Amino acid sequence: MKTILRLMICILFSWITNVNCQSKMVSIKGGTYIPLYGRDSLKVIITDFYMDVYPVTNNEFQKFIEKTPKWKRSKVKSLFADDNYLMSWSSDLELNVNQSPNAPITNVSWFVASDYCDCQGKRLPTVDEWEYVAMANEKLQDARTLKNYNEYILSWYEKPKTFNNEIGSTFKNYWGVYDLHGLVWEWTLDFNSVLVSGESRKDVDNDSNLFCGSAAVGATDLMNYAAFMRYAIRGSVKAKYTMKNLGFRCVKDNNQL
Amino acid sequence: MNFSKYVLFLFVASISLTSCNTKKTSKDQVTYQCPMECEGDKTYEAEGSCPVCKMDLALLKSKPILANTDEISDESIFNLTSKWNTEERDVIELKDLKGKPLVMVMIYTTCKAACPRLVADMRNIEKQIPENNNEDLQYVLISIDPENDTPEVLKAFAIENQMDGNHWTFLQGSMGGVREFANVLAVKYKQISPMDFSHSNIISVFNAGGELVHQQEGLGVDNKETVLEIKNLLQ
Chain C
1 MKTILRLMIC
11 ILFSWITNVN
21 CQSKMVSIKG
31 GTYIPLYGRD
41 SLKVIITDFY
51 MDVYPVTNNE
61 FQKFIEKTPK
71 WKRSKVKSLF
81 ADDNYLMSWS
91 SDLELNVNQS
101 PNAPITNVSW
111 FVASDYCDCQ
121 GKRLPTVDEW
131 EYVAMANEKL
141 QDARTLKNYN
151 EYILSWYEKP
161 KTFNNEIGST
171 FKNYWGVYDL
181 HGLVWEWTLD
191 FNSVLVSGES
201 RKDVDNDSNL
211 FCGSAAVGAT
221 DLMNYAAFMR
231 YAIRGSVKAK
241 YTMKNLGFRC
251 VKDNNQL
Chain H
258 MNFSKYVLFL
268 FVASISLTSC
278 NTKKTSKDQV
288 TYQCPMECEG
298 DKTYEAEGSC
308 PVCKMDLALL
318 KSKPILANTD
328 EISDESIFNL
338 TSKWNTEERD
348 VIELKDLKGK
358 PLVMVMIYTT
368 CKAACPRLVA
378 DMRNIEKQIP
388 ENNNEDLQYV
398 LISIDPENDT
408 PEVLKAFAIE
418 NQMDGNHWTF
428 LQGSMGGVRE
438 FANVLAVKYK
448 QISPMDFSHS
458 NIISVFNAGG
468 ELVHQQEGLG
478 VDNKETVLEI
488 KNLLQ
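Chains as they are written, first to last, in the numbering used here: chain C, 1 to 257; chain H, 258 to 492.
Think of the hints as simulated: they come from the structure by calculation, not from any bench. These figures come from a predicted structure and were not determined experimentally. Just so you know, not all the hints are guaranteed correct.
To be verified - Cut-off 20 Å, straight-line C-alpha distance, at most; resulting in silico cross-link-like pairs (PhoX-like, lysine-lysine):
1. K384/H to K299/H
2. K77/C to K384/H
3. K352/H to K384/H
4. K252/C to K29/C
5. K70/C to K481/H
6. K384/H to K369/H
7. K481/H to K77/C
8. K29/C to K43/C
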């Protein structure tokens, strides 16, 4: 009887720590909106989902690497990450002295970001989901038309080295999500669905409103230069690229929780 | 004293390293050649010195033939572990295609605009490769629309387009598997309606070890270079 009780306590304890290990998520209520590239003013439908409150941190990523040796800097396959992968770490498992454990992880490829979320039973957000949550400011669900909202984002794009700041250092938005703007750029699941890069102009058929020259015209909100920058970045990166200012966070489908 | 110890250590280490080396290569055929190439391409099977310049013969590194080994390089697409259904309803991993050069393209069968031309481009490439080479390589068409392109649909498409030979393979993957593979090829695509996708038109050539050697971008472009790359791989 005693052993059973002990076992129960043990299980309960491990369950609690497990729950604590999982980063905090908030529920995002679905809806419809017209993203920057609305096709024929087609609205995008977003179903309910959960999103990480913060981007994945150095510390969280460190723990993941300890459990998943194939993603160590010395082990990673060049198919899945370029030479800059975890570049600033001092070794396979250690951060360098100037890096805060609570700063967002950067210099990671799409492949490792995907696998990280997968291992948590989550996934990367789609471009549409990310943009849906990111169009909110502190008070409004859709603040894209506000001048100061756009100015805030654009002024961040000009600020150097914000990737060294800790998570939670920017504003908490309408949904309770932090750091979508002002810290790092973030990977999205289907970043390769954005067809606005220079090279895609010559080889991508269809969707002519996504092409560079006419992109500004195709954009539904001409004022939304900040979002255009994000789409342009997504259109130009490859999945194995790792950049100093590119991190990620995970989401979970509603029916999975 | 310390210095001589150090030298001794280096000596021993280098000996053990070289002996290690020869042991490893002795499994393969080992050939030696004069480092000055006094006798042209002439090779020897044993160590010795060059009869002309008297220099020690050097070990010739033979090119590893990936097809015959189990090892795959870091750059190889065979590192992907996703599962795929073929048009013959076999379940395979990409590494099951190892051993032959691969010519790959991503399409979807309900495509009205670009895909017929991409498929034509593939057939055009095939036509320029001697027919007796057909069994030495694989043409692989991967669907970006795994929901609609079931093995049955792919099989019908293969028959309709006269691409049903053994050297043609059609693959249906999972959503995640397709997304990952597209990212490896740097192919961009987006579903714009239940039946329609916008996508990059890229034909990729891989060697027998699954390493990307050439990519041709665009529709109906000059495929001379692509054909040349494939022929090089077949030699």
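Quick one, are K481/H and K77/C close enough, alpha carbons at most 20 Å? Violated. K481/H to K77/C sits at ~32 Å, over the 20 Å cutoff.
Please work out if K384/H and K299/H have their alpha carbons no farther apart than 20 Å. Roughly 38 Å between the alpha carbons, so the hint for K384/H and K299/H is violated.
Would the pair K384/H and K369/H pass a check requiring their Cα atoms to be no farther apart than 20 Å? Violated, at roughly 23 Å.
Straight-line Cα separation of K352/H and K384/H no greater than 20 Å? violated, 26 Å
Check the hint pairing K70/C with K481/H against an upper bound of 20 Å on the C-alpha distance. violated, 39 Å
Mind checking the alpha carbons of K29/C and K43/C for me, to see if they're no more than 20 Å apart? holds, 16 Å
Taking only the CA atoms, is the gap from K252/C to K29/C under or equal to 20 Å? holds, 13 Å
Pair hint outcome, K77/C versus K384/H [Cα-Cα no greater than 20 Å]: Since the Cα atoms of K77/C and K384/H sit roughly 35 Å apart, the hinted pair is violated (cutoff 20 Å).
Going down the numbered hints, you'll see the structure goes against 1, 2, 3, 5, 6 and 7, while the others check out.
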